[in-house]
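Take the two lone chains, each set in its own frame, and fit them into one complex as the hints suggest.
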Amino acid sequence: MKIAVCVKHTLDPSVPLRVVNGRIEQDSPWPVTCVPPAERAALEKALQLCRELGGAVTAISAGGPEAPAALRFALAAGAHRAVHIRCPEPLDPMVAAHAVAALLSADPADLVLCGTYSADGGSGLFPARLAEEMDWPLVTRAVELRLPAAGWLEAERRVDRGGRERVRCRLPAVVGADSALAEPHYVSAGALRRAAAAAVDEASCAPAGESPWKVLAVELPRPRPKRVAAPDSRLSARDRVAYLMRGGLQRKQGSSFLVGDPSAVAGYSCASWNSGDSWVLAEVRTVADFQYLFTPITVGTMTVPNRIAETTYSINAGRLDGLPDEPFLEHHLQKARGGVGWIGSQTWVLPTPLPPGRPEEFTPGAAAIRFAIYNHPDFVARVKEFTDAIHGCGAVCVMQLTHLQSLMGPSPVPIGLLYDHVPHELTEEEIEFMLDTYWQAAEKFHAAGADAVEIHCAHETLPQWFLSPYTNRRADRWGGSPENRVRFVVEAVRRIRDRVPRSLNVGLRVCADEYKDGGYTLEDMKEMLRLICSAVPIDYVSVDVGAPWGMPSYVPPMQYPLAAFAYAAAEIRQVVAVPVLYAGRVNDPVLAERLLAEGQADLIGMTRASIADPEFPRKAREGRLDEIRKCIGCNTCIGRVIHGERKTPVCAVNPTIGHERAWARVEPAKKRKRVVVIGGGPAGLEAARVAAGRGHEVIVLERNAELGGQLLAAARAPRREGFLDLPRYQEVQMRRLGVDVRMGVEATPELVLELAPDAVVVATGSEPRPLSVPGAEQPNVVQGRDVLLGRAEVGARVLVVSEEDGMETPSIADYLAARGKEVAIAHKWHLFGSRIERYTEGVVFYWLHRQGVRTWPSTRVRAIDGRAVIVYDVHTGEERRLEEIDHVVLSLGSQPDDRLYRALRGKVAELYVVGSAFAPRGLAEATQHGANVGRLL
Amino acid sequence: MNAATAGREILGNIPPWLQAGMYAATLGSAVIAGLRVAARARRWARGQPETQQLPFRERVRDFAQRAVAQRQIGSTDRAAGIAHKMVVSGFLVAFLATVLTAIDHDLGVPLLRGRFYLLFAFTADFFGLLFLAGLSILLYRRLAPQPGAAPTYRRRADNIALLALYAVGLTGFLVEGARIAADHWPAHERVSVGGWLFGLAVAALEGSADPRAVHRALWAAHVVAVAAFFLALPFSQLLHLLAAPANILLRARPLGGLRPAAPELPPAGTLGAFSWKQLLDLDTCTGCGRCSAVCPATLAERPLSPMGLLQHLREAGDGTDAALVGTAVDPDELWSCTTCGACEEVCPVAIHHIDRIVDLRRYLVERGDVPAAAARAMESLAGKGNLWGNAPGERGQWLEALGVPPLSEGEACETIYWIGCAAACDEQARRVAEATLRLLRKAGVSFGVLGSRERCSGDFARRVGDEGLFQNLAAANTRALLSHRPRRIVTHCPHCLNTFRREYELGEIEIVHHTAFLVQLVAEGRLQPARPAARVLTFHDPCYLTRYHGLGDAPRALLAAVPGCSVREMPRSGARALCCGGGGGQVLVDIRVGQRIPDLRFEEARATGAEGIATACPFCKIMLAPVPAERGLEGRVTVRDVAEVLAEACL
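Chains as they are written, first to last, in our numbering: chain Y, 1 to 937; chain X, 1001 to 1651.
Excised from the complex, chain X in its bound form (with noise of 0.2 angstroms):
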């Protein structure tokens, strides 16, 4: 072996009408491509302007990570994640191959001789095998789908799209083994790895043919498949080739963030009502089904799949003023939705998916077409501030009757323990607050709460879809907040949490999960939980919490400092934990399919042997709380705030 005349010649065997056909179609099919692709961004550009955008510096890392290092794929799935990595660094070498060689042929640039060929023969060999082989293996599992796979969403263009990219990758070897078996094999291309391999096949198979000929079919193959490949890109889920690193790199919003929504203009419902980044979103699903195997809806039976909302929109039309409520999505899909986040976490191309599904309850809203409880209780928030109706007295009297005199109009106050309405009005939740007001008071913390002047915080107006009824509890919220000029909010609702922080604009103030804040108190040594309680817990991530904040550490710390308390965890827990069913406004909203959520994620705890759930969130609480009972398991296993845990511990 020469490496000093390594090398191959670049269209040999080819004759100048196949060559002109290959420009033809190869340039024609990248036209027509362009041309759907700019028809596709015409839509986009169809959209809303998009007013929120991510730091610029998060979006990087999130590119780094997504669609360069590709590791979002294989979080859930190895298998898949590794076939993708395959397939995707094996089509870019072959594309960069492509590349040079057209370099080197087209503009008269040697490049692919001597020792940089035998590199350049070796890698885009090697790398075409990774993207063989992992193409394999993801027609494999199409094929022949394993049990148990995430549901996934098929079109007939997918499955043309995914051979169109297998026979470019077949052919291209099958041609380059030809093309060594025609040049009677020299030794150099022995590092052509794949060529050389598929060359003796070639050579095996076409027995006393020309192969000069074979070489020539094969390579025609090619090219029609290259075609082929170009043509399937715009018009099948290949599309998220180009449209999946726009999407991260132009990420608006973080984990279940809301697009604004000024409530002067009704809300449209239609295809047009969306953001650019919207539509973008809607190209970019595959449809490879991880957000609904996720989804607590979808695993309890309701009628929402995320992955089939999503396609379902994008087959809506080109029209951009059909309504789609009733006809691309059925109402029960919007209501479904617990807003837990689980979806977005799990979707390797950064698709938001429940904002989109708030702007269409929006519109749903917007009509009077609410489900009956949720429209009470918002008629209840309206009025009264809470959601259960309770008279908005009580709040105070509450307190009052506890020996916390809630703080007077304009008083200062540096720390503001904010209740919630949740604490305030029901019975479960009452607890968790009864506990952090014993704990805060034992630790000698000096804190305020506002008592009666306190309304939901909105997150379930503006989850549920009414934006006016949102900004106008803020705005009494703010005003009455900012009054007693704070330095820090303390809340036990993650909910609440989520919203100061997002979606109120409260200034510097610092806002504080309870367990945050007692984990502070126990390690400066203000509060000590020293009774034991021999118990094993489980712990159960609220999605505001751990998923939408990352906070789910501290509750975490907080039962590990109760002497005796050991935390065995669920399958699904921290940021990929399921949900309790009780967000985005399903605490009372009720559709009567399925099973019930929370029920599910019960047996999921149970099985761990825990003899207590504990919690860091009122709904989870009350969701998860009365499942014992109707399984006969009341007092055997007990479902608690981790404030109540350490309450006993402490006092």
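Bound-form chain Y, shown alone (with noise of 0.2 angstroms):
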């Protein structure tokens, strides 16, 4: 029995890889290299067969010099023979194929084996071409082989299901071995080294005509989803929220954050989050290799550029009601260029079936409206203007279609916590009509040039309603199983797919787990994405969690962990087999990186980091991380719109949004001035960053021995460090512009004026307001912010005094209740957090009410006396005395500090006071504020 063996060395497909230069390398510091499993069972069969009936191995192998390893390999594993046919290298399978089948016509075997796929091409071209060259039978996928009787051949092939097929066929024949064919015996490294001396023969390789098939490109494989911590989907809601907000996600993911005290570990640029007993801070890492972000994607038809998009968002960047204009071009076209791959622009309202002639109505939460923007005679052609130039950047369009509003539903229920009103119950008419706006709207889209519609099925959208059975409540074709409930979203996906080009891709956005009892958990929607992908073809999934009000949020402000929702893409990653973006709080390409490494999603929205940032992907891909400029989930952005404070977009950190146009370039100073800045806070430091940046020679004075102003007072609350990173950014920029940055230095008039500068800018910030009530000059009246900078301790017992109506208050009152006090909050009027946005209340809110603290609404102090403080209800007038109170803590806001600014007037050329010091604001204000002056100089 003479047997031949065809086996080959590989990459161990073990190891991870990454593509460099469009060549496939391994992630390792020294090649991993192994026999492949179904080559290996070759070997062991045939070493078997020949010790049950006699006879010779030989191992024949392929290739360059790194062939004969795996003929060695062979040889201790107990072949008796090994032939090595020198081919040059890349090997190509059918080039192997004619090498040994010229080998075995002058030296012939009873019968070849081989492993039927190899381990790197997996082309399983080679055992079909070598039966087909030596016109001998061939087996693949062989999981047991025998040979009964002379000349004759049994086997077992696996085969579909697992199904086993038994086959009998003449020898001489090829077999390719499945890895479960034998189980191969090991191989000890001493056997190794005595087959590294034994002989093996050489052979040269036949001529072969020209290789049917060329390699074009070479990419990465979608990495395997990393299992990720989930909360369980049969916890109630509240216990879900409760998983959320103790960090258990972020803390089981591991090894890629550090716990420990914030010094420990001080020096990296990270942020960070409190989980109650100890800080959880998230990569630390500075430097950062990308694999995943920048690798191009396809997602349906379209090849997106990399892997950071821009998720729909609406915080009016256009000036027209609803068109692209100039500015909403501006805004996301500089995102396009600083490398965002897929922009989502804003979301598109659709119209609703109001009777003719009703006017549109606005019902709480959104507008029901009649006529939709994309009936508007230039809407195609202004679209066009916007995708052409997004296209021009290398980036996607894809515009997201959405039924907002509550006056009608599926069913007379109300929607959930926020809203409490009863909608008007669908017809099937209705719903006729909407889903016909979907195609309707799509159509439009596709011939204005975008590249994918989205249905937004999430944020309280009419298609949520229809998949949740909190809302859905129908009997009809339309509600009760799960496959009825996805069929509003079917019918409107599949109506698009009737009438319009495959060409426009489509997607969804979903919302995984609606965290409310009586809703969809992240389960319940695994199983309806299962339904929707099986009725309709579908190009992407994107996915987050939340509500537009309270726990979760789906716009996560800082005090959430990043990426808190992560886990939930990586589920249903696991059962689409589309690309799934994910978007929440991912404020960082490592981060972002991370998550696509380890298969959680294959897209990250980032669209908060690139307003913060709209140059991000550039510089991340620059290597220039510690220049970005990350978000802080702060939410001013949407907050300020949302409620209306705001008709253009703003961002806290970033001063340009707004004015991308009118600020985009920065004018280089016609003269160098010598510019002083006092205070290095928000708004000085952003101040002396711009007029850095145009030329001039500045100066920064600071009080204290760290930059940042009050936001070092803010960012010591619990779950606001992500404050840090404005002024870690700030640092980072003082030093490459080549500012002068005077730390603990008190500045006074005359240290001023001995500077000699050209431009004074003054921004001394703020101090915190006092009260002016009888008692208010008792030792045990403190102020928050020398509370949260730990300049004044406080007893057990603690009354906040609130005239503020930010996050001022409940900062203080976290802070304290997190260290165990007793914590109420009088407050002036009846509202309190009133102008906290409503996507960040919920989890404030979560936190004091857990902690235990104390309202009284409407309440305002009349006089402390001792360990008393009188308060009166503002409404009434009615007094109460309250009792034992160790300390009074005040949060009445601030007043400016203006005295350097006054005595500095008239001494000085150029005069300007920023910031607080001007008159206490917001961060995006001081902000502002800051450039504004910097570019005026």
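Calculated from the structure, these hints are not laboratory results. The hints are all genuine.
Label-pair restraints from in silico Cβ distances: (1) Y:Arg899 to X:Ala1560: 50 to 60 angstroms; (2) Y:Gly480 to X:Gly1403: 49 to 59 angstroms; (3) Y:Glu154 to X:Arg1636: 50 to 60 angstroms.
From the three backbone atoms N, C-alpha and C, an ideal C-beta is built for every residue, glycine too.
Spelled out as structure tokens, the structure:
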């Protein structure tokens, strides 16, 4: 019995690969190679057959100088002879089969065993081609092999669904082994060493014709998903939220997070959050090697140049009502120029079946409109202009189609926690109308050059109400079972597919888990997506989690763990075959890369990150990670618009937003001036950055030992450390721009004048407003800012006196409660925290209420008498006396500290006052004020 | 009593033909015994040469402690130790007495006269009584085994030998008593306390018989007993009288040491493949069972009993070519050994158990006959440098993510922290390294790590039996380590520590366990365990730390340095600790028989009432850490490395 076994050495498939310059390389300090499992099984079977029947095993390998390694392995395992066919690398399976066939013709064998598929190329061509050339029978995927009678072979083949097929054929034959053909025995290093000295016969490669195929490109595999901890869908919504907020998710992710005291890991550029008992710091890496983030991905028929997506958001980027205009274009275009590969722009609201002649209706939540902008005669032309510009930067355009109103829904039940009104129950005809709007809009967008449309099924839109058993109580074909609940979405997609060419891709945006008792869970969503994907072709799924109000929120602010809901994308990615996009508090390209590498998502929505720094993709790609202005998750961008406080977009850390055209270019200074900036807070630093960038000589004087101004106090509150990302960024900028930053310098008019400045920018910030009631001078009355900064210690029972509506009071209360104090808040008005935007208030009140913080609404302080505080109701004037208060902590907002400005007036050529020193406002205003003055200098 | 005239007539009352018979019997049996011993010695000599030998001083010290002072035997079993001491001293004195008698009588030197005779007679009798008493204890223990006593290995020849020895003593006293009676109770013979007492008994029993005839008969019986003893000596466990002192004096390796092997030569798996010293070991074994009484595999009812293994090998025949595995030894026995060294630690006669187990494993490995999990692990070792099959690059990535950039090739570094593949790949062990890294950083220690260039130290490969693989790994690691010209290597893995110290050639580089290093940092005040951790812990000694290298004090000192932390010792601790079950490749080799060793150890720890188990070896942690959860005690009993406990107190 002469048996030939074809073996080869390949890179070990279990070691991850990377693509470098179009070639696949192993991610390992030394090459890890192996004889692949199927070929080892083939070899083992050959040896077993020889032991039973007598004869010899010849191992054959074709290839370059590396090939004999496989032969030595075969000899060490017990092969009797080895033949190396010298062939040029890289080896083509057709050429290899031809070479082996030539060898076998000269030196025949009774049986040839090889692997059915090789571990590297995997074409499965080799055994087929060899059998063809030899004109022998072929058995592939063999899991069992017997030689019952001379000249005959019996084999079992692995077939569909684990079935076995028994076949019989004549010898000589070619058998392609499955790895289950035999259990290979261990080959010791000693045996390998001895085999290294054994003789290997050499043969030359027979000339073959040109290979019929050619490799065009090599791409990275879709990473296998890593299992991440996810809240159990069987738990109640409350318990799932608690699990999320405990930080269980983050901590279980393990290795990339350092748990410890912040001082122990200081110096690392990272965002962090406090999970109650310990600090969890994310991403301590300062250098990163991006393998996936900048690798193109095919989604349906479109090729996205990288994995960074701007998901759809509406922050009034345009000035025209709905139609793309120049500011709109500029806002999104600067992101596309900066390297964002996927532009989602704003959402497009679809019309509702209001009876003719009725005006549009504004119900809480959103408007039910009759006329949608896609019906505008200019629509296609205007949008085409936009898509052309975006395509010009290499990015793709994805348009979101939204039924956003709360006037009518599947069932007459309130939609949820915020909105308690009962909608009109849609009739069959109205549903038809709604469904048709999707394809009508899609048709327009296709004409306008969009690459994809996205059916918005999250954020309390109509499709989500159909999906959710909480809002969909219908008993007809649109409700009840999951099959019926997904029907609305399936129908909407089907109509688009039927009427619009395939080149327009269709995706879904889903809320993965409603976190609402009676609503659907992640497991339900996975099931529904399975149903949808099997009914209609979907090109991608975009995943987020949360509601537009409360806990959790789909615009997770800085209080949330980074990428808090990525687990949901990872879970969904296991049930759908199409790319999955995850969006939600990913503010850092390193984190994005990790999510991609761990297979948690295929695309990462980094919408706020690209508002904070539209150029961050380019900076990341060029290795300038520390120059990225990170999104701190303050939600100013969406909050200001949602609450109607602004008509134009704004960003707290990036003053250019909203003035993209006007501020795009930084004019170099005509004359180089010496500029002294007093105060290293957000306003002063931004003024210094812009001025220095324009070429001025800038000196920054800062009283403290650290840059950041009031942010340092704000960041001391639990889960608010994200604020520190801004001063960290500015510090790098100061160094990069050569700004002379002098720390620990208390500026006086004399000192400033001594520096002989051409211009002075006073950014001395503000001081807390004092309370002017009897007893306010007592030592047990302290300012909240001093408490946060650790300058004041307080006792066990604390009353926080609140006369501001933003985050100051909650932050102070949270800080105290986290330290075990018994905290009550006396708020000036009946609405406490009224200026906290709706995506943040959920997590703020979650922590306040969980820690037992009490609130007295409409309550002001009349007097403080030792450990008693006399308060009164602002409406009735009724007084009450709160006893046994150890400390009164004040949160009354700030008053400007502009003494230096007033002292310097008339003494310097140019004098400006910026930020809180002008008037205390928000972070966004301070940054913009500073930038504005920086441009004026 | 007249001291000056004290003495006795040697061989009085013994007719010349009987004397001749005595000489013939004793000398004859001695010659037969001698031939047999020579045959055994020839068998030893047929073994392979032994390239290792412990330093002479160490061997002499060991000899003094074990062979002369007989310290070791009593260390596990006091009664047996005392009885053995009695028998040995009695035997030695009786032997000396016989020699003196022979000098007096056969050489005609008048020694046994006067005061010396009195001293001689008393001493000989006193030790003779000790001898008999000791033997009686041993005989009693043998006939009525105590519950819970070590399992011993019995052969018929051993019982005969023991009876012969007993008969020698008993008939010796009876002869003496009969002689005293026949000599009409000379007053000075009262110093021969034993003889006098036995004489009274003989006199009471003989009644009207002729005392001289009784004496002659008893004398003859004594001669027969002595001849029987000589004959039994080489055929029974009494051979250890000769072999044990020799074995102790010729000790080749420290505890747990392995025989070097050349992977270029296929290992044979026969008796002839053992070294002469290993063959001598086999004949030294008395089957006392102390090794099996402490062996974790035996305790867990796994197939291995070290004593049984030795005895089966000894009985495998005189032929040196017969294959042992599958006949004398079952492969599962070999795969059950954790190489914890408890057997060698406890063996009174300095037998090496582990080296031969590994020798036979080498034979199995050569044939490719390896448990599947171990085979997978070794293939991973060969390719990826770790047991777990993780990609080699992951080590560096993990360290970089922690903010510890690995050294670049050739960069000089005084202190290298060797992470080891357990910490690089296993979640449980990883926390040990993370704690240690944070402590080192906190203390401001300047150190470097090798990152992805680090491979498994090869402990696993060597102990599973792939010597070639071990050498490949050792060569790569040695090259990588030496390129940084370090003065010190710190490691938290006792297996790496042992391998570096004993099996690598790293020159003058100091190899330190992290506990020893941390103790120093705490002593210097660079680490201050300030945060109190009021809890009761028990410390599980890693075999390769405490038993192999005697380094069990440092981790205990660290625990003592944590305020509020107290250590409650387990009954088996220190050098006598029970293994976690993870050594010698057992962390991956799974013999599905018997109990799990970590369960046994956990029970022991749990019985102390401690809230947590501290240990100082990643493998111990890997083995023990999952047990609480399996028992529903998750969170209530923690298993942590000493470094983790310290980190909590310091950071």
